[in-house]
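Let the hints inform the model, and build the full structure from the sequences given.
Protein chains in written order, with the numbering used here: chain H, 56 to 387; chain B, 56 to 387; chain X, 56 to 387; chain V, 56 to 387.
Simulated from the structure, these hints should not be mistaken for laboratory data. The reader is advised that the hints may include incorrect statements.
[Claimed, not checked] Here are the simulated lysine-lysine pairs, BS3-like style, with alpha carbons at most 25 Å apart:
1. B:K132 <-> V:K132
2. X:K132 <-> H:K132
3. B:K132 <-> X:K132
4. V:K132 <-> H:K132
Below, each chain spelled out in residue letters.
Protein chains: 4
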Amino acid sequence: MNGYDITAEFGEDPEAAIADSAKRFGNWNRWGADDALGTVNHLDAATRAAAAALVRRGDSFSLSLPFDTDGPQFGWKRRVNPVHTMTSTGMETAEQMGLPHGLSVADDVVFMPLQCSTQWDGLGHVFDHGVAWNGRVAREVVTGEGDQVTGIENLAAPVVGRGVLLDVGRALGEDGELPDGCPITSADLEETIRRQGDSSQVRRGDIVLVRTGQLTRVRRRLAAGEGWGGYAGGPAPGLSFETAGWLQGTEIAAVATDTWGVEVRPNEWPGAMQPLHQVALPHIGLLLGEMWDLDALAADCATDGVYEFFLSAQPLPFTHAVGSPVNPVAVK
Amino acid sequence: MNGYDITAEFGEDPEAAIADSAKRFGNWNRWGADDALGTVNHLDAATRAAAAALVRRGDSFSLSLPFDTDGPQFGWKRRVNPVHTMTSTGMETAEQMGLPHGLSVADDVVFMPLQCSTQWDGLGHVFDHGVAWNGRVAREVVTGEGDQVTGIENLAAPVVGRGVLLDVGRALGEDGELPDGCPITSADLEETIRRQGDSSQVRRGDIVLVRTGQLTRVRRRLAAGEGWGGYAGGPAPGLSFETAGWLQGTEIAAVATDTWGVEVRPNEWPGAMQPLHQVALPHIGLLLGEMWDLDALAADCATDGVYEFFLSAQPLPFTHAVGSPVNPVAVK
Amino acid sequence: MNGYDITAEFGEDPEAAIADSAKRFGNWNRWGADDALGTVNHLDAATRAAAAALVRRGDSFSLSLPFDTDGPQFGWKRRVNPVHTMTSTGMETAEQMGLPHGLSVADDVVFMPLQCSTQWDGLGHVFDHGVAWNGRVAREVVTGEGDQVTGIENLAAPVVGRGVLLDVGRALGEDGELPDGCPITSADLEETIRRQGDSSQVRRGDIVLVRTGQLTRVRRRLAAGEGWGGYAGGPAPGLSFETAGWLQGTEIAAVATDTWGVEVRPNEWPGAMQPLHQVALPHIGLLLGEMWDLDALAADCATDGVYEFFLSAQPLPFTHAVGSPVNPVAVK
Amino acid sequence: MNGYDITAEFGEDPEAAIADSAKRFGNWNRWGADDALGTVNHLDAATRAAAAALVRRGDSFSLSLPFDTDGPQFGWKRRVNPVHTMTSTGMETAEQMGLPHGLSVADDVVFMPLQCSTQWDGLGHVFDHGVAWNGRVAREVVTGEGDQVTGIENLAAPVVGRGVLLDVGRALGEDGELPDGCPITSADLEETIRRQGDSSQVRRGDIVLVRTGQLTRVRRRLAAGEGWGGYAGGPAPGLSFETAGWLQGTEIAAVATDTWGVEVRPNEWPGAMQPLHQVALPHIGLLLGEMWDLDALAADCATDGVYEFFLSAQPLPFTHAVGSPVNPVAVK
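So, in structure tokens, the structure goes:
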């Protein structure tokens with residue numbers, strides 16, 4: 056690993072590379088002019104039914120980070136951490152609350168960016184030269200009132216299916232972790248599958264989880280009282296721009312990582328910014344999951360050698376939202 | 056239905072009835088002094104594995120209402136509807152955002168009470184005379200920093216298992232709906248099971264979904280432009296206080312309804328306020344789900360006669376929260 | 056009053072009337088190409104010094120409505136009422152807070168639309184055919200990051216000067232109130248000045264407060280438990296579109312009313328929406344104040360016959376905001 | 056300066072020192088059992104009228120920091136910086152907004168802790184052994200619904216009067232700044248008054264502004280791209296605990312500083328936390344202002360030698376709030 060040079064294959068200009076990949080891997084109109092699901096269309100009922108059959112022991116794993124003020128955000132682009140406050144607590148008595156027969160109630164509220172912690176990027180999250188998924192004009196469909204066509208509410212029901220963990224950190228890294236800045240190529244993904252064995256074969260409609268190990272490393276920092284460091288946007292291992300073809304060709308429904316931004320950071324061209332997003336969301340229509348905590352699941356997979364599972368990763372249906380917090384639960 | 060008189064069995068004083076039911080049906084220390092899961096303990100891995108085997112066709116149903124400003128809340132106890140706003144949209148150009156190669160990004164934030172729409176009440180939501188689940192002192196465990204023992208984050212992984220729909224509205228109501236103010240007794244639940252058939256037998260660890268039909272009625276109001284009316288706290292069909300014994304004895308993990316507050320409203324004693332909550336949460340340790348949209352699922356169950364399914368109803372792990380929005384997804 | 060017909064003077068087409076008034080009364084470039092203050096430029100130091108000399112007794116009057124969940128908003132355009140919650144309270148002990156020597160602390164947060172209650176509309180709040188104050192292109196200056204040129208922070212220092220109350224309700228109404236739907240013309244404003252006497256002569260740089268009496272009427276509703284009714288956007292007395300020339304020609308710094316929207320509602324042309332705003336903000340550059348509580352001040356002015364005072368009405372400097380909550384304080 | 060040793064006069068135990076100062080300087084019942092204003096009672100109409108007479112040139116100075124995401128907070132106690140978002144912008148067209156005659160509108164919302172930037176601490180912000188201002192029981196008056204007796208809304212009208220700047224940084228510091236950790240004693244305040252001259256004599260009802268110069272220093276950090284450092288809670292110059300007697304004896308209405316917490320930090324006893332607050336708020340009933348930007352005003356005062364002015368520092372009347380953001384405006 057680490058040796059991959061994007062410019063050898065894709066040239067020096069990220070804008071041209073994006074345009075070329077968009078053309079080669081774009082899925083516009085594949086599911087009709089009105090489509091609001093993108094590659095989640097690959098995740099059909101039969102696929103979901105087959106995924107349920109993967110459940111053996113019934114153990115469940117939450118893949119979510121905590122949602123609280125101690126999270127990784129530091130205010131960039133007004134992305135702060137969630138602020139959770141109480142409107143009433145266990146400290147008020149029934150008398151103070153004006154309630155009968157000794158009843159008292161605690162209630163709470165939250166303020167949060169939808170992309171603050173474990174999340175899905177919706178199809179309206181990223182645009183290429185002002186164009187959104189399926190060729191729509193971004194300024195017409197994602198306005199101050201949100202995403203009026205591909206809002207995350209469209210994904211309320213379907214994002215439940217087969218999950219496959221590709222633990223690249225364990226397969227190809229050192230001590231289970233890839234270093235920051237390390238790009239993961241499609242060859243690396245395939246090699247990981249080969250080493251992990253049959254249960255990690257990737258199929259149409261899958262939700263693919265790529266573990267880099269970065270979060271494991273960050274967790275050590277946190278335990279040492281050193282904070283999140285650059286987890287939210289700084290250097291990180293992640294998918295190479297080169298994986299666009301693999302992500303599209305495998306016909307997966309979604310991909311998620313244990314990093315802030317799916318892609319390798321810094322991005323592979325100097326001055327570039329999340330070029331794979333610019334192909335994946337508006338052109339492939341691929342749902343991207345970020346900041347997923349894959350460690351406990353990965354440890355279990357390493358133990359039993361089974362890298363496939365039933366995965367419930369439905370977003371919360373915020374109307375017209377371009378993303379959603381999610382608590383993905385894997386069941387093995 | 057409708058003829059049930061709570062005072063005949065439980066007397067005139069709700070406070071005494073609550074105390075008596077708490078004593079008879081309380082589960083304190085059943086799962087140890089440190090327990091933070093309550094009846095979700097009933098939902099073990101074997102139960103979950105068996106639930107996965109219920110998936111036949113792979114069709115998935117979201118049981119969530121939309122999360123937006125047009126929701127049922129009207130500000131009572133500062134419970135407002137979610138306010139979703141954009142920090143950037145598809146209207147900004149790459150140049151305006153200072154981003155390279157034609158990239159632009161839409162982002163969003165939300166402010167919401169955790170109990171504003173489809174939700175779980177956590178174990179720290181309700182207290183009986185200042186006492187919380189498992190006998191804890193409410194003022195010590197649920198403070199301004201939230202629920203420090205039974206916060207909803209404890210339920211991030213396990214709330215995935217067998218769902219059973221008891222469509223009481225369809226079984227015992229008129230045109231599929233129970234009238235507001237109609238109490239549902241344990242006999243009604245049993246009769247519904249009897250009429251629906253074997254697939255709706257309730258077992259240990261189940262998540263029981265009770266459809267009253269009220270939401271169907273409210274949806275007609277909404278379609279007619281008449282607003283939510285009293286959906287959030289006004290008169291509604293719902294569980295009788297009398298069901299406490301059934302809820303505990305069946306060893307279910309959780310119960311959810313298509314109404315604001317699970318219980319029949321107005322509550323069965325004059326001046327009483329959610330007395331079943333006061334037994335269910337602090338004494339039984341029973342997770343309560345509110346404002347679940349069961350209509351599409353119910354129509355499907357009525358069609359194929361199968362009232363059991365795999366249900367993913369994991370909350371979002373807001374640290375120390377006493378409730379959580381949830382998008383429950385049923386898979387048949 | 057009440058007899059004024061806008062179409063007699065301005066024709067049947069509001070769009071043409073707006074264009075015509077914009078042309079006649081526009082102040083573009085009056086204060087240079089970089090201006091971010093609009094008519095607040097009229098409020099200079101000399102004017103402010105003269106205003107301070109009006110203070111006689113030293114009595115102060117807050118002109119602000121309360122900021123809380125019981126306010127007039129009902130969610131239109133996501134304008135909700137403020138939600139104020141505590142992060143800690145007087146109920147936590149020093150021990151619970153981990154604080155020494157018996158110290159404990161209460162803290163709080165708020166979520167609110169900036170236009171939820173007593174407020175200033177900033178210059179970037181309203182546009183005419185995509186054009187903002189001083190002829191700027193709206194889509195370039197007021198983006199998802201807010202108003203990058205005329206943000207309310209520009210008005211942090213200057214909005215302190217001479218206030219003049221024009222109590223049109225008392226002067227020309229019945230029992231001190233104008234009926235809903237009643238337009239106030241410039242002739243009505245002048246007649247009010249004439250009846251009130253010399254202290255209400257309007258001068259360059261003034262902040263003019265127009266009391267219609269609607270809020271007095273709404274307060275009776277509130278006292279009777281009938282809620283705010285249509286205060287936030289429904290029928291109301293208010294300025295006629297015809298006043299644009301008066302507002303510009305008098306060279307006042309700002310105008311504020313005791314109503315939701317300054318202008319008469321319904322607006323004077325069928326189907327029109329706040330046409331005076333469309334002239335006042337982008338063309339005249341006039342600061343507009345809404346939902347000001349003028350009743351206590353008006354009672355005092357009626358008693359002593361003095362309608363001028365020192366007025367501190369500085370907004371909170373939210374960076375790039377297009378409006379701000381304000382607690383205007385008048386000192387007599 | 057710098058040589059003051061608190062233990063010489065007040066002993067080794069902060070808890071005893073607090074109790075002693077509370078006894079000596081407490082104002083309980085001075086303004087009756089129902090009082091909700093504390094020392095703001097000193098700021099009467101005559102005082103306010105005299106203050107207005109100080110205005111000479113009419114120049115106004117905002118003493119507020121910006122309110123935005125780039126502020127000094129870092130999430131401690133869930134105090135984050137304000138998050139301001141747009142619900143609509145200048146980018147939407149009239150057609151997109153469904154508005155007639157070319158009208159379009161920008162609107163915005165904010166989420167913020169009330170103590171995030173330039174602010175007043177209300178009387179319900181701090182407690183001494185569970186006791187609030189005027190001897191009230193903290194757990195009864197400041198609950199999850201906020202401060203039900205001394206909420207900041209009580210201070211909506213009166214906090215307008217004479218401001219006096221004590222520029223201790225300029226008078227006694229080096230290059231206009233006191234070092235972090237430097238305590239300001241009452242002798243230092245008196246020496247500053249002596250050096251500044253007659254216009255800075257402190258009188259009953261004054262709002263005293265103490266400039267330490269720390270914010271000037273922090274601004275250099277910000278300009279250098281080094282961030283706020285420890286401005287929000289780290290080491291800072293500030294009032295010595297010893298000033299409690301001076302603050303009470305001078306009968307001032309309020310005191311504000313250019314620092315996060317008024318008091319010297321670290322506090323003067325090892326392990327102590329804001330001991331002066333514990334006397335000032337619950338016992339003296341003294342309004343405390345924090346994070347005020349005094350630099351422009353201080354430069355002006357240094358130039359003309361006039362350290363008194365009219366000051367409008369009214370809070371926003373958030374119902375039941377224990378603090379408020381404020382944009383204080385000084386007029387000279």
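Against the structure, the hints come out as follows:
1. B:K132 <-> V:K132: 23 Å, holds
2. X:K132 <-> H:K132: 23 Å, holds
3. B:K132 <-> X:K132: 22 Å, holds
4. V:K132 <-> H:K132: At roughly 22 Å apart (the allowed maximum being 25 Å), K132 of chain H and K132 of chain V satisfy the hint.
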